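> Each chain, written out:
There are 2 protein chains.
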Amino acid sequence: MSETGELAFKVSELDAGDELSSVRSRFVLDDVVYLDGNSLGALPAHVPGRVEDVVRRQWGELRIRSWEESGWWTAPERIGDLIAPLVGAGAGQIVVGDSTSVNVFKALVGAVRLARTGRAGPVRDEIVVDATTFPTDGYIAESAARMTGCTLRPVTPAQVPGVLGDRTAAVLLNHVDYRTGRLHDLPGLTSAVHAAGAVAVWDLCHSAGALPVGLDEHGVDLAVGCTYKYLNGGPGSPAYLYVRRELQDRFDSPLPGWNSHAEPFGMRPDYTPAEGASRGRVGTPDILSMLALEAALEVWDGVPVGSVRAKSLALTDFFLECVAAYVPAGRAESLTPVAHEERGSQVALRCPDAGEVMRRLIERGVVGDFRQPDILRFGFTPLYVGFADVERAARVLAEVLAEVPGEAAAQVPGEAPGETPGSGGRAG
Amino acid sequence: MSETGELAFKVSELDAGDELSSVRSRFVLDDVVYLDGNSLGALPAHVPGRVEDVVRRQWGELRIRSWEESGWWTAPERIGDLIAPLVGAGAGQIVVGDSTSVNVFKALVGAVRLARTGRAGPVRDEIVVDATTFPTDGYIAESAARMTGCTLRPVTPAQVPGVLGDRTAAVLLNHVDYRTGRLHDLPGLTSAVHAAGAVAVWDLCHSAGALPVGLDEHGVDLAVGCTYKYLNGGPGSPAYLYVRRELQDRFDSPLPGWNSHAEPFGMRPDYTPAEGASRGRVGTPDILSMLALEAALEVWDGVPVGSVRAKSLALTDFFLECVAAYVPAGRAESLTPVAHEERGSQVALRCPDAGEVMRRLIERGVVGDFRQPDILRFGFTPLYVGFADVERAARVLAEVLAEVPGEAAAQVPGEAPGETPGSGGRAG
Chain A
98 MSETGELAFK
108 VSELDAGDEL
118 SSVRSRFVLD
128 DVVYLDGNSL
138 GALPAHVPGR
148 VEDVVRRQWG
158 ELRIRSWEES
168 GWWTAPERIG
178 DLIAPLVGAG
188 AGQIVVGDST
198 SVNVFKALVG
208 AVRLARTGRA
218 GPVRDEIVVD
228 ATTFPTDGYI
238 AESAARMTGC
248 TLRPVTPAQV
258 PGVLGDRTAA
268 VLLNHVDYRT
278 GRLHDLPGLT
288 SAVHAAGAVA
298 VWDLCHSAGA
308 LPVGLDEHGV
318 DLAVGCTYKY
328 LNGGPGSPAY
338 LYVRRELQDR
348 FDSPLPGWNS
358 HAEPFGMRPD
368 YTPAEGASRG
378 RVGTPDILSM
388 LALEAALEVW
398 DGVPVGSVRA
408 KSLALTDFFL
418 ECVAAYVPAG
428 RAESLTPVAH
438 EERGSQVALR
448 CPDAGEVMRR
458 LIERGVVGDF
468 RQPDILRFGF
478 TPLYVGFADV
488 ERAARVLAEV
498 LAEVPGEAAA
508 QVPGEAPGET
518 PGSGGRAG
Chain B
98 MSETGELAFK
108 VSELDAGDEL
118 SSVRSRFVLD
128 DVVYLDGNSL
138 GALPAHVPGR
148 VEDVVRRQWG
158 ELRIRSWEES
168 GWWTAPERIG
178 DLIAPLVGAG
188 AGQIVVGDST
198 SVNVFKALVG
208 AVRLARTGRA
218 GPVRDEIVVD
228 ATTFPTDGYI
238 AESAARMTGC
248 TLRPVTPAQV
258 PGVLGDRTAA
268 VLLNHVDYRT
278 GRLHDLPGLT
288 SAVHAAGAVA
298 VWDLCHSAGA
308 LPVGLDEHGV
318 DLAVGCTYKY
328 LNGGPGSPAY
338 LYVRRELQDR
348 FDSPLPGWNS
358 HAEPFGMRPD
368 YTPAEGASRG
378 RVGTPDILSM
388 LALEAALEVW
398 DGVPVGSVRA
408 KSLALTDFFL
418 ECVAAYVPAG
428 RAESLTPVAH
438 EERGSQVALR
448 CPDAGEVMRR
458 LIERGVVGDF
468 RQPDILRFGF
478 TPLYVGFADV
488 ERAARVLAEV
498 LAEVPGEAAA
508 QVPGEAPGET
518 PGSGGRAG
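Residue numbers (this note's numbering), protein chains in the order written: chain A, 98 to 525; chain B, 98 to 525.
Think of the hints as simulated: they come from the structure by calculation, not from any bench. Take the hints with a grain of salt, since some may be wrong.
Derived list of chain A stretches under chain B, where covered just means 3 residues or more per stretch with a C-beta under 8 Å from a C-beta of chain B [as the list claims (entries may be wrong)]:
| id | stretch |
| --- | --- |
| 1 | 124-132 |
| 2 | 147-153 |
| 3 | 225-233 |
| 4 | 238-252 |
| 5 | 325-337 |
| 6 | 424-433 |
These figures come from a predicted structure and were not determined experimentally. Ideal Cβ placement from N, Cα and C applies to all residues, glycine included.
Generate the whole structure from the sequences, applying the supplied hints.
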């Protein structure tokens with residue numbers, strides 16, 4: 098049997114053993130192999146009808162009454178409680194709203210303030226941030242540092258334990274690296290941060306919905322994440338903020354909007370923060386996007402996160418196997434760790450002509466994305482990606498790589514290849 | 098002719114002369130008199146179809162490609178330019194996104210930083226804020242003051258000129274008071290702020306879409322506003338930020354998310370702010386809500402803001418006339434200024450049993466809202482409220498007031514009547 102034949106045979110075995118295969122029908126999909134769910138999740142099939150009801154009936158007919166009658170006012174906490182089991186959090190600790198960037202600001206300023214209350218020793222005036230993080234986290238961390246009188250220390254996650262000390266106020270880390278797909282050691286790094294007396298903030302954008310996070314179990318202090326990747330909430334759907342229960346009454350938000358007031362309709366001139374997760378709210382919640390997200394989260398009914406993780410690893414293992422079989426050695430180098438405990442739910446391949454390669458892949462119905470300067474990113478959403486998709490993606494990739502003159506493209510001089518705006522996915 | 102007969106006759110004259118009467122058909126309305134458009138605007142008729150296209154085709158079929166092909170990425174600036182003519186701003190100065198509260202934070206911190214660059218004299222370390230403002234502005238101003246080393250001075254708008262000085266960094270004012278409907282003197286107060294060398298920030302939530310604002314003409318520095326009131330963008334639709342063109346290259350946002358980077362897809366570790374209005378962006382834009390707003394703004398096609406203002410004043414004049422004719426003197430006191438130049442597009446009536454009165458009004462198909470402690474609020478959206486609505490609202494109000502024992506309710510002791518959660522509209 099040829100290599101292709103062997104792998105095709107393995108596909109049928111793997112697909113037959115896929116206990117999540119029926120979940121795919123909960124999504125709107127076509128004959129494209131969609132490996133960009135780590136940027137924008139596919140549309141759950143029942144979302145359009147729910148959005149239509151929100152627009153036509155809740156807004157159009159009930160209008161202002163929907164703030165109570167349609168549960169608009171309580172949506173941020175209610176939807177937070179739907180996300181909670183997916184990230185290992187008990188109820189009442191997550192609130193939905195605002196963008197990830199805004200939530201990073203709330204979390205990081207809040208973390209510095211927490212680190213400065215009730216702790217002995219010198220003033221804590223350093224924020225440690227993952228230097229390899231998605232850029233917005235670094236930019237916002239810089240602003241948070243500036244506005245709290247801190248110095249920012251960007252280091253790699255591996256360097257974090259070595260730089261922690263009694264000056265460290267807060268540490269902001271990504272659970273999964275958006276480029277390489279590397280999964281960082283959340284339990285170990287959180288422990289190290291706590292041993293230094295600092296506060297741990299995790300960005301779950303690339304892990305929530307793809308693997309178990311265990312926020313409560315591992316004692317994470319604060320966390321943020323988006324909902325439009327593995328949670329399929331729709332383009333730019335609202336992000337969320339987790340504040341561990343024991344810290345909630347000391348959480349001091351830099352964005353104390355009226356929605357976070359203990360009595361929002363008291364219209365009082367003085368600010369008194371609400372109890373619980375609501376303290377993380379800011380302004381009026383964005384109802385259309387929020388209720389689309391609420392509907393989207395129903396695809397998780399009866400889906401154990403453990404099964405998602407098992408399938409995710411099987412998908413990425415199989416993709417690496419197919420790539421190794423189909424693509425000539427040296428033509429595209431995997432940046433994604435081989436060890437399961439260090440792998441998220443994506444595979445990143447480096448090749449010098451990645452922008453052009455991705456363009457051709459998309460033309461042939463294999464959708465991943467391109468990240469500067471030379472990375473092909475393939476995200477594997479276990480809820481709707483199957484093993485046949487994986488084999489086809491690797492096969493088409495091999496075809497494209499055979500056509501594109503990798504050597505020539507590799508001759509582009511310098512270490513910072515020119516930008517190729519607009520080639521590939523968006524939104525991290 | 099009876100009073101009712103005379104006013105009914107006047108209705109037909111006024112409705113016959115209403116040059117905006119045909120605009121009403123652009124909205125989904127029923128037989129309710131909807132006077133709560135100052136809290137949540139009615140649904141424009143073509144919005145549901147557009148939202149369905151965004152969900153089913155743009156998200157469901159094109160998926161990640163829509164960031165370019167459906168214009169998602171450029172929506173914040175494009176929609177800002179649709180709002181611009183409604184508030185007297187030239188193109189390229191408004192960006193849509195985030196909540197009003199988050200934009201107040203950006204604007205006010207940005208204003209303090211502007212006030213501290215390139216100006217002689219002592220360090221400017223005071224923020225003046227409208228003490229009668231919608232509470233979130235006060236709460237966020239307090240946070241902005243704390244994080245920029247300023248002192249907060251809450252005063253009434255009338256007191257503003259008297260407290261300005263060489264310590265004043267920024268002044269945050271509401272164009273129209275959310276309770277009383279009083280319109281403040283934007284040109285005069287902005288001039289006074291500038292004469293003191295400070296930066297003027299205006300909150301347009303209750304004026305944009307109801308009356309001319311003249312941001313450019315009056316030299317306003319920064320402004321924010323929501324889009325779900327007179328702009329009919331839908332529940333919690335994204336807010337906007339205006340930064341005057343000459344200040345844009347010095348605008349220094351406290352929320353420098355990746356969307357505001359000069360090269361957002363360069364994924365660079367160092368932050369370089371974008372030019373122009375884009376500098377006010379933060380994270381990934383909330384596409385469903387944003388594109389619903391874009392569709393909603395089409396109801397303004399061919400509608401001059403001057404005509405809207407003229408009709409708004411005619412509506413509120415007529416409402417006050419009908420209330421005076423129908424409601425016994427002393428039963429409900431108007432808090433809304435008689436002078437046109439001091440009136441927004443709402444009428445606020447104070448009566449001691451306002452919560453119960455509004456409940457009964459809503460039961461009878463006249464929807465306004467109740468604001469603590471004793472205010473009935475009626476908003477008049479000239480695009481879809483007619484003069485027959487106005488007469489009916491006043492007539493039903495008189496009926497309800499005749500039934501509800503105002504005297505008894507008025508005997509509730511003290512100056513701070515108990516809260517009545519859940520009675521009335523939401524979201525300011």
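> All the hints need checking, so say for each whether the structure fits it.
These are the hints, each one checked on the structure:
1. Under a criterion of three residues with beta carbons nearer than 8 Å to beta carbons of chain B, the stated coverage of the stretch 124-132 of chain A is upheld, 3 such residues being counted.
2. Residues of the stretch 147-153 of chain A with a Cβ under 8 Å from some Cβ of chain B number 4, which satisfies the need for three, so the listed coverage holds.
3. Counting residues of the stretch 225-233 of chain A whose CB falls under 8 Å from any CB of chain B gives 4; the rule of at least 3 is met.
4. Judged by the Cβ-Cβ criterion of 8 Å, the stretch 238-252 of chain A is covered by chain B as claimed, because 5 of its residues qualify and three suffice.
5. Using a Cβ-Cβ cut-off of 8 Å, 7 residues of the stretch 325-337 of chain A lie near chain B, which meets the minimum of three, so the contact claim holds.
6. Against chain B, the stretch 424-433 of chain A contributes 0 residues with a C-beta closer than 8 Å to a partner C-beta. That does not satisfy the three-residue criterion, and the hint is violated.
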